[in-house]
Amino acid sequence: MATATYPLGGALAPTKRPALSEYLRWSIDHKIIGVQYMVTSLIFFIIAGTMAMLIRWELLTPTIDLMANGSSYNTLFTLHGTMMIFTWIVPMFAGFGNYLIPLMLGAKDMAFPWLNAFAFWLIPPAGLLLLAGYFVGPAEAGWTSYPPLSTIYSPDGQTLWALSIHLLGLSSILGGINFIVTIKNMRPPGMGWFQMPLFAWATLATSIIVVLATPFLAGALTLLILDRVAGTTFFNPVAGGDVLLWQNVFWFYSHPAVYIMVLPGFGILSEILSVHSRKPIFGYRMVALSSMAIAIVGFTVWAHHMFTSLQPELRIPFMITSFIIAVPTGIKIFSWIGTIFGGKIRLNSAMLFALGFLSLFVIGGISGVMLGAIPVDIHMHDTYFVVSHFHFVLYGGSVFAIYGGIYHWFPKITGRMLNERLGKIHFVLTYFGFLFTFFPMHILGMQGMPRRVAEYDPQFQNLNILVGLSAFVLGISTFVIIYNMLVSVVRGKVAGANPWRALTLEWQTSSPPPAYNFVGDPIPFEDPYGYGTDASKAYLDAMEARFGASYNPEKPKALPPTNSTPALEPSAGD
Amino acid sequence: MQRDLLELGLTKAEEQALQNRRTGIFIFQVSWILTFVCLAIVNWQMRFSSNWMPNPDDRLGVIIASIATGVLGASALLIRRSVMVVNNHHLSRFLRLWLMVIGLGVVFVGLIGYEWVIVPTGTQYAQVFRLMTGFHIFHAVCIGIYLGLVYVNGRKRVYNANDYLWAVEAGAKLWYFVLVAWLLFYVVIYWI
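Chains G and L are the protein sequences, given in the same order. Taking the numbering used here, the leading residue of the first sequence gets -11, the next gets one more, and so forth. Taking the numbering used here, the leading residue of the second sequence gets 17, the next gets one more, and so forth.
Hints were generated in silico from the structure; no laboratory data involved. Among the clues, some could well be false.
Derived coverage of chain G by chain L (criterion: at least 3 residues anywhere in the stretch with Cβ under 8 Å from a Cβ of chain L; other residues may be distant) [stated by the list, open to error]:
{"id": "1", "segment": "172 to 184"}
{"id": "2", "segment": "200 to 206"}
{"id": "3", "segment": "233 to 240"}
{"id": "4", "segment": "313 to 320"}
{"id": "5", "segment": "481 to 489"}
Remember, predicted model here, so these are calculated numbers, not experimental data. Virtual Cβ for every residue (Gly too), placed ideally from N, Cα, C.
The task is simple: from the sequences and hints, build the whole structure.
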């Protein structure tokens, strides 16, 4: 274990934010690539979010009125789901990983910078390929694309859909390999596995899932494309094919993919809760290892998505594994509550979103356990209860974590603080907009409203109006953070190197960090979450002495309006 | 096959890069072999199909595939030998061995390609057979092209010592991948 009580690398070169044009072209700097991932995914989020607004608009009344026909509606929820998953949440977390992992490990870049850039540049064309379906008849088989809907009943856009997901899968695999190699090989001396930030653990677990699960998606998509364009009949029962083949292979990827979409959020949450509670992570090793447990057990639960089509004798084993996976997740929840309990909590925007995550994800987790029970699942299958469940996990969980991460690391990425007042407005609108959008869906589902329909029984209209209006509030809330980011990147208060007085290595360099991140090799503090000790105070004071004062959120006082950090001489011992 | 990094006289950065490449290609192999596992599972599940193989005579015999497997195995042994040779700086011997590997690879692709063409069609067995062997041939050809590039560059002597080492090592590892993937398919298609 490292015994250093003072940070630091060598001299700090003056830095300034990269020019806008650098983000629009090929770059192998992981920080540029990280921002490219984030901004690209945010654009797709807005497109997919607009689709969600159209869905809710259509559902304000029980009859089809906004859409031309049911196919248009099918297309809308197909592309909404696909884009939210594959072009928003997954690449957004990849963006966080790209930006932060090398910094957290004290590395100068990712292990394979060129491959990193290549993996990113697969995403924009893949996203456009999805949308290009509108020119040839868009995909309309849902994000799960079950045959025969996706084979004989969908237009050519479904083929583009499959090609697009192929590209996105390849991008994920390349990114996953890069993360694993970086984390395994490029940790600095003094940072063993159990001195690693929990975000790195979460990214490692996610990457393991990605490299082991995504090849199965590639296999399934290859079969789908061949069925559509080459005349094969793998999924056509009339010719001896098997539709359950798709369901098995697809879910063998797509259930672990749920953890691809939420584990990085767990990592972000661990960082935020500890830093803003000024307390060590409660049960660090258990939190770290539970990520790996989720990654492993996640491969054994896929058939719970197929309870209604599975042989009865296979249902119970999958029900049991589905319950088991709640255990490592519960360990995390328990640890996070233990972390904030008795802490000196800063109730800023990052922390609010982290607490929002905790409350909403628990609801999503509980409804997940309910759906893991065979009798409940058979009753609720394909109802709005399921829609509610996965939005509580993926919006209440993943998207809240993304927002929390943005508020937490925006100062590092841009050198500027986000506006806290706007952040709190954003939180209130998002939290209550979300709650009133998705909680009533539980009730609609239990009452029997099916998902993926544009027309519904008039008895469900009142709740659908409440859901629709809340969804519009939720949609509007997105623009609050976008406005906040656009304004703050220009006029925000100067952040300094470490405005949160955090102990992980990404804060041990200027904001934004210079090319190659550190001059010299930074020395990690012995415990990345060791807040509240004399040693950590000495470490943080030494950091401030080295890098200059940072913005202090508890005693706001403007720093000099500059993007540059003055060059510092190396100190003794560097 | 891997020489001690200290013996190579690499700088710290070069050593790191080589370690990263080795770890990276290993993870890639573990990951990508799973697409082949996926297709093996497809083979297994499709056996329950009503149109799997109405006529047992439609199933291909093992002779040609066994010869192809032997050829591929021999090429893998040769590529291992060629890596050892190049590590000892015997460039001309390396080039000879490397060319033999490529030649055996061409023979392998030709034999399996022949099977791909002659398999009686109209059954799920034939579809799955063509899918699996076609997928494998695609990988063998792509990696074979890479081996060809290594050979051409070797003849031009464009590599410096360290790059040369990695290019050859990577080629060998990718060719082992072709062998392992084929062994999986060979057992599943012809013996189970």
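Do the hints match the structure? See the list:
Coverage of a stretch by a chain is defined here by at least three residues with a beta carbon nearer than 8 Å to that chain's beta carbons; for the segment 172 to 184 of chain G and chain L the count is 3, and the condition holds. Residues of the segment 200 to 206 of chain G lying with their CB closer than 8 Å to a CB of chain L number 5, which satisfies the three-residue condition for coverage. Coverage of the segment 233 to 240 of chain G by chain L holds in this model, with 3 residues showing a Cβ closer than 8 Å to a Cβ of that chain against a need of three. By the rule of at least three residues with a Cβ nearer than 8 Å to a Cβ of chain L, the coverage given for the segment 313 to 320 of chain G is violated, with 0 such residues.
Counting residues of the segment 481 to 489 of chain G whose beta carbon lies closer than 8 Å to any beta carbon of chain L gives 0, which falls short of the minimum of three for the stated coverage.
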